[in-house]
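Asker: Listed below are the residues making up each chain.
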Amino acid sequence: MNSRIARGSAELAIVTLLAKQPLYGFEIAKRIEEDTDGALRFTLASLYPMLYELENRGWVKGHWQPNRAGRDRRYYSLTPKGRKQLAPLRRQWRFFFQALDRLAGVTRA
Amino acid sequence: MRDWKKIVRDLDAREDRPWPDEVIAELASHLEDSYDEFRVQGLGEHEAAERVLSSLPEWRRLNHAIQSARYTWRTMNRRTEQLWFPALVTLLAANLLLMVFARAISFWFPNAGPTAIYVPWLVTQPFVGAFGAHLSRRAGGLRSARVLAGLFPSIVIAAVGLLLIPASVFLERNVWAMTHPVLLVLGGLAWQVPVAVALFCGALPFLEIGGLGANSVKLGMNR
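Each protein sequence line maps, in turn, to chains S and E.
Residues 1 to 109 (our numbering) make up the first sequence, in order.
Residues 1 to 223 (our numbering) make up the second sequence, in order.
Keep in mind the hints are simulated off the structure, nothing from the lab.
Just so you know, these numbers come straight off a predicted model, no measurement behind them.
Don't take every hint at face value.
Stated by the list, open to error - Below, a sample of chain S positions facing chain E; criterion: calculated Cβ distance under 7 angstroms:
{"id": "1", "residue": "K20"}
{"id": "2", "residue": "P22"}
{"id": "3", "residue": "G25"}
Claimed, not checked - Below, computed lysine-lysine pairings styled on BS3-like, alpha-carbon distance capped at 25 angstroms:
{"id": "4", "chain 1": "S", "residue 1": "K30", "chain 2": "S", "residue 2": "K20"}
{"id": "5", "chain 1": "E", "residue 1": "K5", "chain 2": "S", "residue 2": "K30"}
{"id": "6", "chain 1": "S", "residue 1": "K61", "chain 2": "S", "residue 2": "K81"}
{"id": "7", "chain 1": "S", "residue 1": "K84", "chain 2": "S", "residue 2": "K20"}
{"id": "8", "chain 1": "E", "residue 1": "K5", "chain 2": "S", "residue 2": "K61"}
{"id": "9", "chain 1": "S", "residue 1": "K61", "chain 2": "S", "residue 2": "K30"}
For glycine and all other residues, C-beta sits at the position ideal for the given N, C-alpha and C.
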């Protein structure tokens with residue numbers, strides 16, 4: 001997959017998940033893999049650079065707190081700025097998929 | 001029980017720009033969670049740890065990707081930083097040295113031939129190749145980028161030679177060159193190949209062939 005598309009889809013996946021609740025890195029990766037039946041999969045090398053970049057942009061904010069097992073984990077939550085990105089990101093992707101569908105008939109295949 | 005924080009810190013200590021403790025703690029916690037997940041799936045302690053360690057990415061690239069993501073002052077894109085910038089620095093360094101040697105030697109030894117300039121210049125080329133490969137490696141460049149950055153002066157000289165020499169041969173109607181193209185090519189190679197070899201020798205320690213590659217890092221950790 002084109003790296004720009006993969007990158008954009010990863011942004012949307014993370015922002016969408018964090019809009020529901022704060023999660024830490026491993027949970028984010030696991031949840032995305034489970035919710036997409038393994039179609040989207042994050043590795044250490046793809047997840048953390050993305051999270052730090054989103055944090056740098058001010059879309060997410062990390063803070064340390066104990067998880068259910070009592071271990072300190074860095075939870076990420078969506079900032080108001082990040083929340084504002086959700087609707088435009090969804091719109092862009094809907095537009096992209098509709099365009100692709102018109103071209104390639106993906107949903108009719 | 002494995003000290004994941006120590007493993008991450010040891011890996012990262014090899015890098016030019018190590019991460020702050022917070023990043024090390026976070027990545028270590030990710031590895032710890034991965035390990036626990038494998039244990040829950042029924043793997044033994046050793047096997048689970050092996051699975052986690054074998055899933056580690058090439059550390060230099062990860063280090064660089066995280067540095068890029070965390071800091072905004074970076075103005076160059078990754079390809080520029082890993083290839084074009086080191087390559088151009090190498091080219092500039094090689095040309096500056098050639099200019100310095102040419103001026104100095106023709107000043108002190110006015111009757112000296114081109115070999116008197118070429119040989120001392122050639123001796124400096126391993127350092128130039130090493131510098132280019134080092135800059136590329138520091139920026140997280142892959143081995144191919146490091147080779148290209150180190151060899152860039154030689155590539156440019158070869159490209160220019162391939163264009164200019166045939167053009168000048170025809171424009172000047174050099175009969176000898178036209179009738180001896182093989183000798184012309186061999187002569188060009190005799191000047192060119194030693195430069196490429198010298199640059200490559202300099203770059204070699206930074207290519208980490210069979211040394212500090214991703215696999216050996218993992219094996220080192222397993223000990």
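Asker: Take a quick look at whether S/K61 and S/K81 sit within 25 angstroms of each other, Cα to Cα.
Answerer: holds, 10 angstroms
Asker: Taken at face value, is the distance from the CA of S/K20 to the CA of S/K84 at most 25 angstroms?
Answerer: Holds: S/K84 and S/K20 sit about 14 angstroms apart, inside 25 angstroms.
Asker: Given the hinted pair S/K30 and S/K20, is their alpha-carbon gap at most 25 angstroms?
Answerer: OK: S/K30 and S/K20 at ~15 angstroms, within 25 angstroms.
Asker: Compare the distance between the alpha carbons of E/K5 and S/K30 with 25 angstroms, and conclude whether the hinted pair is satisfied.
Answerer: Distance ~21 angstroms between E/K5 and S/K30 Cα, so the pair holds.
Asker: Between the alpha carbons of E/K5 and S/K61, is the straight-line distance 25 angstroms or under?
Answerer: Holds, because 22 angstroms separates the two Cα atoms, which is no more than 25 angstroms.
Asker: Within a Cα-Cα threshold of 25 angstroms, do S/K61 and S/K30 meet the stated pairing?
Answerer: Within the cut-off at roughly 19 angstroms; holds.
Asker: Does S/P22 meet its interface restraint, that is, does its C-beta lie within less than 7 angstroms of any C-beta in chain E?
Answerer: violated, 14 angstroms
Asker: Taking the least C-beta to C-beta distance, is S/G25 closer than 7 angstroms to chain E?
Answerer: holds, 5 angstroms
Asker: May I ask you to test the interface hint for S/K20 with respect to chain E, counting a Cβ-Cβ separation under 7 angstroms as satisfied?
Answerer: The hint is violated - S/K20 has no Cβ within 7 angstroms of chain E, the shortest such distance being about 20 angstroms.
In the structure shown, a violation is registered for the earlier hints numbered 1 and 2, in ascending order.
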